[in-house]
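Number of protein chains: 2
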Amino acid sequence: MLDIPKNFQFAGVSCGIKASGNNDVSLFVTHSEATVAGVFTQNRFCAAPVTLCKERLSQGLANAVVVNSGNANACTGDEGLANANAMVNQVAGLLHVDASRVYVMSTGIIGQQLPMEKVATGIGAAYLQLDDGHDAFSDSVEGIMTTDKFPKCTSQNLVFVKHEGEARLIAMAKGAGMIAPNMATMLGLFLTDVAIAADHLQQLLSEVCKESFNKISVDGHTSTNDTVLMLANGASGITLTPGTEEWTMFRNSLCESAISLAKSICRDGEGATHVLDIHASGLVSESDADKIVHAVAESPLVKTAITGNDPNWGRIVSAAGYAGVNFDAAKVSLAILGTTIFQDGAPIPFDAAALSGRMQDNEEVLIELTFGEGESASNCWASDLTTEYVEFNSEYTT
Amino acid sequence: MLDIPKNFQFAGVSCGIKASGNNDVSLFVTHSEATVAGVFTQNRFCAAPVTLCKERLSQGLANAVVVNSGNANACTGDEGLANANAMVNQVAGLLHVDASRVYVMSTGIIGQQLPMEKVATGIGAAYLQLDDGHDAFSDSVEGIMTTDKFPKCTSQNLVFVKHEGEARLIAMAKGAGMIAPNMATMLGLFLTDVAIAADHLQQLLSEVCKESFNKISVDGHTSTNDTVLMLANGASGITLTPGTEEWTMFRNSLCESAISLAKSICRDGEGATHVLDIHASGLVSESDADKIVHAVAESPLVKTAITGNDPNWGRIVSAAGYAGVNFDAAKVSLAILGTTIFQDGAPIPFDAAALSGRMQDNEEVLIELTFGEGESASNCWASDLTTEYVEFNSEYTT
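If you're matching them up, the sequences are chains S and P in order. Residue 1059 is where the first sequence starts when you use my numbering, and the numbers rise one by one after that. Residue 1059 is where the second sequence starts when you use my numbering, and the numbers rise one by one after that.
This is chain S alone, in the form it adopts within the complex (with noise of 0.2 Å):
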């Protein structure tokens, strides 16, 4: 049973940007403003929807965000922006605010112009299904995803015992599985009906996705239109600020949901059958950990040997090796699955077929690598790499 924060209503329709007929346009819309946090791709070509968040998001404030999947607006140049604008315009125009209010998102094919007719259809029969039952909240998410094969979604309730008050959380996400000719993107949604002013929502925002998208890489190749946006709307009448026990409990459910998208991100990855839970303890800096579990996240050795269900220390600790961090061979130690194979340096003995056999039987597979440098760690997660990937992206020809 969902939580539904209150003052908040959905809508996704299909209006024919998907061949598949799935939902193609969501509508997520806050009777109450709400303050609004966002954080965006890095990729130096930013799609159109991405530039139209980033500029208005100074003035932090937010009554919708529209979303079409199927189509990712992106290298589309002013067309696009145009575009994106409409999209934007004719929300405004229905629900009566000002466009700056109105945040865009887009995932999908990229260097096409969206088919701008279907998009006012779809805006506009989402419009007039606006409701904030389950129903309606299940077309919204089933209208972001592309090549998702379950969609992801978090609820929350949150009982405050200071506020003698509850609080409610949602969140969506779609998958960075990326398929030709589409360049997929990672969209993530979070809508909550407590109040925090926009600067710290902001600042909360950043932090949350740090701990979680920002630990998680199915191909390492960062999209064009990755959007995360939060919506706090106050309607539960309660508001929360820094420094209070009440924000640490919210900054933990927070958290919770996000590293929840982003695991299923990775087990939704393209082809996927194993989840690399990536951890590095030990060093000196956060930053020499964040190398090492990304290097290993990212070796193509490493993800097929996990596909493999193989124990392969060599890989592992080779790929660390190339991080680009400086440590002491000797003093580095790896466990899969707590099952330690590598000890300061040297191979151990240990009951291959057995851990393998355990390897096959988890979904998700914990890598631990500890070094003698320090006491910085941190930890990441990874898709696997299969045949079914490579078949996936290498089959499509223009």
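These aren't lab readings, by the way, just hints derived from the structure by calculation. Treat the hints loosely; a few may be bogus.
As the list makes no split between identical chains, a pair holds if one copy fits it or if it spans any two.
Taking lysine to aspartate or glutamate pairs in the EDC-like style, the calculated list, with each CA pair at most 20 Å apart, reads [said to hold, decoys possible]:
(1) K1112 / D1386
(2) K1112 / D1257
(3) K1389 / D1136
Chain S is fixed; fit chain P onto it per the hints.
Relative to the frame of chain S, chain P by itself:
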């Protein structure tokens, strides 16, 4: 017909390290003491033979190189270092030269101790078969191969008009393919009978590696054993010094050999069907251009697009976009096999079917990215990514 440099002898034998029965011990001897230069892996887990070579390189002189394949002698601790020393000492004893003049390279499975009885028998047999003929040379090239599908060597006869003489340069390399459970290795060996002072030779080799082997990527995973050595024994009577016309000619010849071998390694990358020849120009610095060509080379989405003969500009420009380089996206253009498909930040019409057909017909696919930032350029070569690569590297279980 190979041009063998004077006073070099070769041998390659099978001593049983490899189950296949192919040659696995090679010996390269120069009967005039040579200057020597070396370039090694940057991996923090460097193999015992790499440690040993680095230690003695400061002396700059060599009489022999002994190589084994089938076992990388990496992550093998003190016993591994003792074994590498034993190989070197045996060769030194047979040749009656100082052990500091003997170099060693290993490639193959990591984390296992060398079968030293077999290796010693192999070195003894190789010594007895030393010869300067083509068969001996071919045997020695086979002895450094692991998963390579074909041997990689070049030979050049160099005419020095000013010196009224000739000299020779032969070079060989083994592929960067990696097959479970092996962490294979890029090994290269250059042998010439010109004389070059050790410090000049080292600078020359470092520069040439930067322009060749350091510009290739099969899968972005740097091995623990990568080693390139060059021996110059002066037996031609020709001495070369930097700043002369002859030096430039020799440098060009050396570069040509190195690039040819580097490209062969990409062509023979596991499962590879294309070599990507990636160029970036118009950047502020060569380092920026390097970042861009490597981001493109290592994107699995770009690789799989090329596998599928798909002129997918979106994947290529977006990989450039996350390379960590500042550029104006509106000044970026892209050509594949000479056909411009993206100009000044936007796609332009082209005959996709015709271009795809040409990609299918060309083993080497030229990808040219141009930017509007400056005058610097770089390039690199990469293998594409096929289901065969993934099968190869995931089907093994320890």
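Tell me, please, which holds for K1112 and D1386 at an alpha-carbon limit of 20 Å: within, between, both or neither?
-> Between copies only: 17 Å across chains, 43 Å inside a chain, cut-off 20 Å.
With identical chains treated as interchangeable, where does the CA-CA distance between K1389 and D1136 reach 20 Å or less: within a copy, between copies, both, or neither?
-> Between. Shortest inter-copy distance 14 Å satisfies the 20 Å Cα cut-off; intra-copy 55 Å does not.
Could you figure out if K1112 and D1257 sit no more than 20 Å apart (CA to CA) within one copy, between two copies, both or neither?
-> within (14 Å within a copy, 54 Å between copies)
Of the numbered hints listed earlier, not one is contradicted by the structure.
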